[in-house]
Each structure stands twice: as structure tokens, then as C-alpha cells.
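Q: Here's the letter readout for the chains.
There are 2 protein chains.
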Amino acid sequence: MLDGMSEPRWLDAGQQRDWRAFVDGSLRLHDLMDRDLKSKHGLSESEYEILVRLSEAPGHSLRMAELADHASQSRSRLSHTCTRLETKGLVRRESCPNDKRGVFAHLTDEGFAALERAARDHVETVRDFFIDVIDPEDLQAIGRAFRAVNERIAEVR
Amino acid sequence: MLDGMSEPRWLDAGQQRDWRAFVDGSLRLHDLMDRDLKSKHGLSESEYEILVRLSEAPGHSLRMAELADHASQSRSRLSHTCTRLETKGLVRRESCPNDKRGVFAHLTDEGFAALERAARDHVETVRDFFIDVIDPEDLQAIGRAFRAVNERIAEVR
DNA sequence: CGGGAATAGTTTAGTTTTCAACTAGGTTGT
DNA sequence: ACAACCTAGTTGAAAACTAAACTATTCCCG
Numbered sequence: 001m002l003d004g005m006s007e008p009r010w011l012d013a014g015q016q017r018d019w020r021a022f023v024d025g026s027l028r029l030h031d032l033m034d035r036d037l038k039s040k041h042g043l044s045e046s047e048y049e050i051l052v053r054l055s056e057a058p059g060h061s062l063r064m065a066e067l068a069d070h071a072s073q074s075r076s077r078l079s080h081t082c083t084r085l086e087t088k089g090l091v092r093r094e095s096c097p098n099d100k101r102g103v104f105a106h107l108t109d110e111g112f113a114a115l116e117r118a119a120r121d122h123v124e125t126v127r128d129f130f131i132d133v134i135d136p137e138d139l140q141a142i143g144r145a146f147r148a149v150n151e152r153i154a155e156v157r
Numbered sequence: 001m002l003d004g005m006s007e008p009r010w011l012d013a014g015q016q017r018d019w020r021a022f023v024d025g026s027l028r029l030h031d032l033m034d035r036d037l038k039s040k041h042g043l044s045e046s047e048y049e050i051l052v053r054l055s056e057a058p059g060h061s062l063r064m065a066e067l068a069d070h071a072s073q074s075r076s077r078l079s080h081t082c083t084r085l086e087t088k089g090l091v092r093r094e095s096c097p098n099d100k101r102g103v104f105a106h107l108t109d110e111g112f113a114a115l116e117r118a119a120r121d122h123v124e125t126v127r128d129f130f131i132d133v134i135d136p137e138d139l140q141a142i143g144r145a146f147r148a149v150n151e152r153i154a155e156v157r
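So the protein lines, in turn, are chains A and B.
71 is the number that UniProt numbering gives to position 71 of the first sequence; each next residue is one higher, with no gaps.
152 is the number that UniProt numbering gives to position 152 of the second sequence; each next residue is one higher, with no gaps.
Treat the hints as calculated values from the structure; they're not laboratory data.
Do not rely on the hints blindly, as some may be mistaken.
Said to hold, decoys possible - Cross-link-like lysine to aspartate or glutamate pairs, in silico, EDC-like; alpha carbons within 20 Å at most:
1. B:88 / B:109
2. B:38 / B:121
3. B:40 / A:7
4. A:40 / B:7
5. B:38 / B:124
6. A:88 / A:34
Full structure from sequences and hints, please.
A: This is the structure:
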């Protein structure tokens, strides 16, 4: 019975409360991290995230599409952000020899150094507002849960 | 020994993995919810959130500062968003009699109707990509954890 | 009371993000 | 080989967001 009019399956009180806690918490947490990185290192959270992913890639470089994927950003957004990072001298773009459409984003030494400095402070903030206020068991639950969420989202795109 | 040079307390592998799962998951989830609400109802996630909080307030209205707080938005952002919602006819602003600096944001009937329509679809998406893929125990852990995060963040502001 | 500090909210300007259009190179099928 | 289609990435304009300055009111305290 395909029925657009039927009552939706509303969340129960507990589910509602937990979902809301997540929505609020994640908004505030991202906001906090963003301000913190900006004020101390002049990097937005999304710029930071790009540097992190590049630093973990073999040769400190990654194709744009892959990087967009790892950093959970749209390609368009990544293009703009990379332009910014390039003018700051933290990233360099070079075209891919095999596929002439392709572009590699490459973390510069200066970029790596900037990331190292930022990461030291960032990890303290992550601890202070996230890790250290959460029961270790609950942290593992968060890991399990969000890995499942990521898998589910990956299915539809 | 207040020492800016000492090694930071890096996260262990598991903490790192769980923190990352959350960062990615929350970015993708917010992105998904935003697109979903926009395409089906022409509302951004933050507009939706404002309507929700107003709908729960006594008399469907709330002082701007309170609303900003409930919706985890800056006051500036709320002002802009409210202007938009007002031109859409979903919200009305009226000045506060007691405190002449103050402004009440009030959900219009049209706004309430729009929210009801949006909420029906939204809850399905929340289930589909969040509630239904998470073990109920883990969901409760998320609730506990993010309530703690919110409390910690509230301390510093 | 009166003056300085604090609070509520808006506005302006600058930056970032989104959306859709676009360029260009690759792939497939005939 | 070529036409149709797909993929990679960029761009430009519009929309949304941020930060800081600003207006107006209220609070606090000598």
C-alpha cells in the first residue's frame, strides 16, 4: 500500500532526544573547531581537513576527486578551497600525466609544517571538548554508529 | 611545568578512528539533510531548525537571543535567516513590550504548516540514514556523549 | 540622577559555499 | 573513425555565512 498520506513513523521521545543531542553537539563542535583553528592558525576546518588527508596520502598527493571524497566536500568547493590553499603556499596542483583531465593536489613542505603546528593545538581541543568528556565505551559506540552512517550514505551516491 | 613545546597528548589509533568517523559522518549527514530539505521543501537545515524550535516554544514565539541559542546559530546568522523566513511568510518578528531592545520571532500559521509538511519527510530521512542503521544501545551512547559535549561547550561561553 | 558598561539585535562588507554551466579529455559502440 | 556519452575539474554568479561595527535600550553603581 504505497500511501503518501499515512502517518510517518515518528521518533519516540528517547530517539528524538538523542538525535537532537547529536545535531546540536555536532553543530557546536564544528563551529568551535573552526573558530579555534582560524584564530590560532588561520585555517578553516575544511582547509585543515584537506591538509590532513593529503598528509596521509602516498607522496602527499591525491587526485582532486579522491581528495574531495576523503574530505567530504563537493568538487566545486574543493576547487575553490584549493585555490585559496595554493595562494597560501600550502598546496600545489599539478596535472596528471596519464589522464590529462586529472589534477593532483600536492601538500607542500610549508603545508606539511603548517599542518604539524595546527595539529598539535587541534588535538588538545578535540580532547578537551570531545574525547575527555565522553566515556570510552560511548566513544566506541560513536565510532560504530558513524561508520554505519557513512556506509549507508555511501550506498546512495 | 607550563611548557608550550612538550609533545601533545596524541589520540590513540582507536580514538582517532572514532573521532574521524564522527567528523565525516556528521559532515555528510548535515549535507544530506540540507539537500533533502531543500529539494523537497525549499528549506535549509538551519531554516528548518528555526521553525522546529519556534514550534516548540510557548505561543510559537521566542526572543531572538533565545532562539539563536536553541538553534545553535550566531545572532547575526539568525537575523539574516529570519529575514529570509520572514519574506517567505513563515516567521514574523514583533518587538517586545517589556524590553524595547528585544524582538520576538513568531511562527506564522503558514510557517507551522510548512514545518508539518517538512517534518513528515524529514523524519523518514533521519530514520533511513541515522536511527535505523544504529544499534539502539549505541544511539543511547550518542545521546549521553553529545549531551556531555554540549555541557562542556556551554561552560566556555 | 547620570555616566559608563553591558545587552539585544541589525547591518555592512568581505569571505565562503552552492548551483549550474562550461571546458576538455576519455570511453564505448558501430 | 566518429558520434554519443561519460568523467574530471574549473568557473562565475548568486546565496549564505562571518566578523566587526553600529544603534538603541537597559543596567549598575557612585
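Q: Work down the list of hints and note, for each, if the structure agrees.
A: Structure-based check of each hint:
Taken as a hint, the residue 88 (chain B) and residue 109 (chain B) pair is honoured in the structure, with Cα atoms around 12 Å apart against an allowance of 20 Å. For the hint linking residue 38 (chain B) to residue 121 (chain B), the alpha-carbon distance of about 12 Å falls within 20 Å, and the restraint holds. Our distance criterion of 20 Å between C-alpha atoms is met by residue 40 (chain B) and residue 7 (chain A), whose separation comes to about 18 Å. Using a Cα cut-off of 20 Å, the hinted pair residue 40 (chain A) and residue 7 (chain B) holds, with the two alpha carbons roughly 18 Å apart.
A C-alpha spacing of about 15 Å is found between residue 38 (chain B) and residue 124 (chain B), which places the hinted pair at or below 20 Å, so the restraint holds. Restraint check for residue 88 (chain A) and residue 34 (chain A): satisfied, since their Cα atoms lie roughly 18 Å apart, inside the 20 Å limit.
Hint compliance for this structure: no hint is broken.
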